[in-house]
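Add chains B and C to chain A, keeping to what the hints say.
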Amino acid sequence: MTPAIHAPHAHAPVTVGRVMATVMLALAPATLFGFWLHGWPAILLWLVALVTALATEALTIRLQDRPVKPALMDGSGLLTAWLLALSLPPWAPWWIAAVGSAFAVVVAKQVFGGLGQNVFNPAMAARVMLLISFPVEMTAWVRPVPITSGAAPDLAQSLDITFAGQGLDAMASASLLGHVKTELGRGLELGPVLANAYQPDLMLMGNRVGSLGETGAILILLGGLFLILRRIITWHGPAAMLLGVALPALVAWLIAPQAYPDPLYHLLAGGVMLGAFFIITDPVTSPNSPWGMFAFGLGVGLLTWIIRAWGGYPEGVAFAVLLMNAATPVIDRYLKPRIYGRDRRGRPHPAREA
Amino acid sequence: MIAALLSLTALGLSLGLLLGFAARKLKVEGNPLVAEIEQMLPGSQCGQCGFPGCAGAAQALAEGKAAVDCCPPGGADLVQALAAKLGVEADLSGIKASVPMIAEVQEHLCIGCTKCFKVCPTDAIMGAAKQIHTVFREACTACGKCVECCPTEATRLTPVPVTLQSWYWHKPEAGWVA
Amino acid sequence: MTFLKRLHTRGGVHPEGMKSLSEDCPIAPLPLPDRLYVPLQQHIGAPASPVVHVGERVRKGQLMAAGTGPVSAPVHAPTSGRILALGDALAPHPSGLGITTLTLEPDGDEAWLDTAPPADPFALAPEEIARRVGAAGIVGLGGAAFPSAVKLNLSRRSSVEVLVLNGSECEPYLTCDDRLMRERAAEIVDGIRLMNLAVGARDVLVGIEDNKPEALAAMTGAAAGTGIRIVAVPALYPMGSEKQMILALTGREVPAGGRAADIGVLVHNVATAYAVRQAIVLGHPLVSRVVTVSGGAVQVPRNVEALVGTPVQTLIDYCGGFSQAPARVVLGGPMMGSQISNTSVPVIKGTSGVLALTRAEIGQPEPAPCIRCSSCVRACPVGLLPLEMASRIRAGDLAAAVEFGLKDCIACGSCAYICPAHIPLVHFFNYAKGELAARERTRMKQDATRQLAEERNLRMERIAREREEAAARRKAEKAARDAAKKAAASPPAQAASTPAETETA
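Protein chains in written order, with the working numbering: chain A, 1 to 354; chain B, 355 to 532; chain C, 533 to 1037.
In isolation and in its complexed conformation, chain A is listed as follows (with noise of 0.2 angstroms):
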C-alpha cells in the first residue's frame, strides 16, 4: 500500500514558473519600450543574454546529472538574464551579454546550488562584475534613437554594432548620472549643470540616455503595480528603497542645492524604479518578512544614494543590492512576524488573572 499523502488535498493554482512568467509579463512593457527607444542593438542584446543563460544552465546542469527540462522550464534563468540585459548599456556588444549572463547563472547562481541557494542577486553581481571589468563597454552610452525614426541604425548596421562593435562614436553621450558626477567633480555648480541635461518630464517619460530598460518609469512602476496586485511581491519593498531614495536626497538638496540633486532626480535617473520595482523584489536574495523587505528596501535606498553623492561610481543601485543582499540573513533574523499568542520578542502573553 501507499502511504497516504499529507493534507492539504488542494492547491492554489500557482507554479514557480508561473511566478516567473508574472514578473516577465511585468516587464515587458518597459522592456519594448527599451526595444522601441534603442532600436535593433538593444533587441540583439537582450536575445544574445537570454540565449547564453539558457545555454550555460543547461550545461550547469546537465554537469550536475540533473533533469535539465524541468530545471530550464521554471524561467529563472531567463528572468536574470532578462534583467541583466535591461540593465546593460544598449548598444553594448554582444560579448558583454554573454560573458554577464553566463556569470549570472553560473558563478552567481548554480555555484551556490541552484534556484533558491544563492546569496546575491544574479543580475546584479553580473552587472558589477562586467561594470569592473569592462568600464568602458559598460560606460558607453548611447542618445537614444527610437527605432521609428529615420537616424535609427537598420538590422544590418545593427548587427554590426552588436556582434561587430562599430558605429557607436557617432551617437555617444553620457547619461545624466555620469554627467553630473563628472562636471560636479571639476568643480562645477550644480545649477548650469543641470540647466539644459536634466529634463524631469522627458525623464518621467523614459526618453532620456541610459541602461536598456530603466528607463521607461512609468511602464516600470505600473509592472510593479501589476506585481502587487498579483501578489508577487508586496508594497514594503518598493516603497522603502523609493523612500530610502528619496528621504536622504531631500534632506542635502535642501541644505545645500547647488552640490546635490533633487529627490526627482534620483528618483528617476539610473536604475532605481527598475531597481525597487524587480531587482530588490527577487525572493532568493532578500527577506522573508514584509517589514523585513521594508528594512532591506531602505537600506538599498540609501546606500544607492550614498554612492552616487559621495561614491566613486555615478549609480549604485547595483552595489547597492549587492551589500543588501548579504545583509538579508541579519534582517531575517531580527525581523521575524510577530507569532499569535507572543509579544514581539517571542515571549507567550500571560494568561488572564483567573
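Please note: incorrect hints may appear among the correct ones.
A few chain C residues that don't get close to chain A, going by computed Cβ distances all over 12 angstroms [to be verified]:
1. V583
2. T600
3. D641
4. E715
5. R784
6. R860
7. E972
Among the chain C residues that face chain B by a calculated CB cut under 7 angstroms, a handful are [as the list claims (entries may be wrong)]:
8. S627
9. H959
10. G966
11. Q978
Source of the hints: derived by calculation from the structure; they are not laboratory data. Keep in mind it's a predicted model, so treat the numbers as computed, not measured. Backbone N, C-alpha and C define an ideal beta-carbon position, used for all residues, glycine too.
For chains B and C alone, kept in the frame of chain A given last:
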C-alpha cells in the same frame, strides 16, 4: 625604536596578565560534560560498550577513549547526538536505521529457566522457574542480554509495534532539493 | 465594522470554496447499512472500554463502551441490533493501522433505549448538564473530537466570560454545518443556551463566515431575544481554527502554549451545540452526524445524516457512486483532512466530510526548489516562517525548527496550499512534531529504565552485602561453636596435634 619596543612589551605584559587573571577568575570546576553525556545514555547499565555501566562509558566518551557509536541500544539518534555534543564526525554507515526494538519471549520455546530475568538490567522480564517468562514492554531497553543468555533461543529482539498512538508522519521525500 | 474585523485577522488564504456542489442539498437521512463498524476511540484521549459482549443485543443509544480516565468519551450503539465482533479493524486514519472496533448488525428496528429526558432541561444544574454531555459521548464535531464535557467543566472552573460558537466552516467543499444551521437553527440555539447554562459566560457569540448568508439569516432569526449574538466573519481560511476565530471575534489572542480558557473564552462547534441539545432535551447520545459527501469524482454530492460506524463506501453509494475513479478519497476537508486508502473504514464522530477528489482538483505537481518567495510567510495565520522551519527539518535540525516556532504551528496547511514550489510544508511540520513527541517518549522511557536499573543495582548490592554478612555471621557462629566445643572436649595442646579430627567435626 625604543618606543615601539616598550609599547609592544607593555601590551604583551598587560594582555598576558589579563589572560592569566581570566583563567583564574573564570575557571570551570570539574567536567560537566561527563554528567551531561551520562544523561544522554540509555542508563540501563547493560555493559555492551565494554565499560562498567553508563557512567563508565560517559567518562570514556568525555575523555575521547570511546567511540560515539559504542552504545548499541542508543541507536543512530544517540550517535548523532553524541557526535554533536563532542564535536566529532559521526559515522552512521555501520549503524542500522534506528528502529526501536523490544525483547520478546517466544512462548513455544521458553523452558522457564529464569536465566534471562536474572541478567535483565532493568527487571523488564517477569516469570518464575519452570514458567514461561514475559517481557514488560515499558521497562525493556532492548539491550539484548536476555537474547545472549537464552539456552533455547526463545528470546529475540523485534521492532516495537506501531500503534495509532505512536504513529506519526514519515519525513517527506527530499527529491525536490536542488 | 468590517474594517475593524480586518484588523483582527492575520495571514490566511482564499481557497476556491467548492461549496456550491452541495450547499443546496438538504440533509438526507442515510438508509441503514448492513453492518456498522464502531471504533472504541473516536476522540482525543483514552480509548473507551467495551461493556457489551459479542452476541449481545443492543438498543439504539445503549452504552457499548465506557470512557476511561479523565479525558475520554463513551461510545453508544448507533442503532438497535446484535454485536457481531470486537476486534481490530481498519481505522479511518491515514496510517492504515487497525483500531479496536465493535461490529454491529442492525436489526432494522431502530429501537431507542428508553430515555428519561428532564422535564425542564433549562432548569438543570451546570454540573448536571456537563455530566449529561459527557455521558452522551459528545466530542467536538468540528474535527478535533475533543471530549466536550471536559471543556465545559474546565471552562466553568476557570470562569469563562465569552462562549464562542464556531459556525465558520472555512474548509472548502464542506457544507454540513451550513445545512445544519439553515435547517435546525432553533435546536442549535437551544444547545447553545444549554451550554451556556453549564459555563455561565457573559457573552455568547456565533461566528459564521459571510459566504453563508442563509445560515446567517436562519441563525439570527432563531437567536432573536436570547442574547446570543450572530456575527458575520470574513470568509478567509483558516477562520474555523479556534485561535483564529477567537482573534476575529474578540480581538484577543490565546497565549502561546495555553488554552482558550486562559483568556476566558470557550469555543465549541455549532454541530456540537446541536448534539448537546439532542442529548439533554431528548436524552439521545451522539450516534449520528451530518456528513458532506462531495468532490469532483462523486456522482451526486449531498449532505447526509449518517450513523456513526457507517462505512464510507455506503455514503458514496448513496450519492450515486463515483463518476470517475477518484485520485484521492479524503475524510474531512481538503485543507486538513486525511487521505484514506480504503472506503470500508467507518464514519466516526469527527468525520465532517467524505471527499472524492479528482487529479485536477488536487493540483499538486512535483515539488520544486524553494525560491524563498515568502508566500508561506504571508499566508501563515500564526506569523511563522514556514520556509525556514521546513529547511531546518529537512536538514534534520528539529531543535532549530522549534526555535522558529514549530510548536505554535496549527497545521492549517495555508502555507502548503499557497507554495508555488509545491513543497509539502505542513507534512514536514507534522513529521517533526511526531518525531519530537516520539523522542520525548523515548527520553521518558529512558529515565524510567535508568531508575529501574539503579534500583536493581542497589538491590543486587544489598543482596550481595546481605549474603556476605550472612556468610560472615555463619562463619563467626561456627568459629564460636567450634571454639566452645574444643574448649569443652579437650585441652588445647591435644587439639593442635590432631587437625584432622577438628576438620571432620
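Consistency of the hints with the structure:
1. V583: holds, 33 angstroms
2. T600: Its Cβ never comes within 12 angstroms of chain A, the nearest being 29 angstroms, so this holds.
3. D641: The claim holds: D641 (chain C) sits with its nearest Cβ about 38 angstroms from chain A, beyond 12 angstroms.
4. E715: The claim holds: E715 (chain C) sits with its nearest Cβ about 27 angstroms from chain A, beyond 12 angstroms.
5. R784: R784 (chain C) is in fact no farther than 12 angstroms from some Cβ atom of chain A, at 9 angstroms.
6. R860: violated, 6 angstroms
7. E972: About 20 angstroms separates E972 (chain C) from the closest Cβ of chain A, which puts it past 12 angstroms; holds.
8. S627: Given a least distance of 4 angstroms, the restraint on S627 (chain C) holds.
9. H959: holds, 5 angstroms
10. G966: holds, 2 angstroms
11. Q978: holds, 5 angstroms
Comparing the model with each earlier hint shows violations of hints 5 and 6; every other hint is respected.
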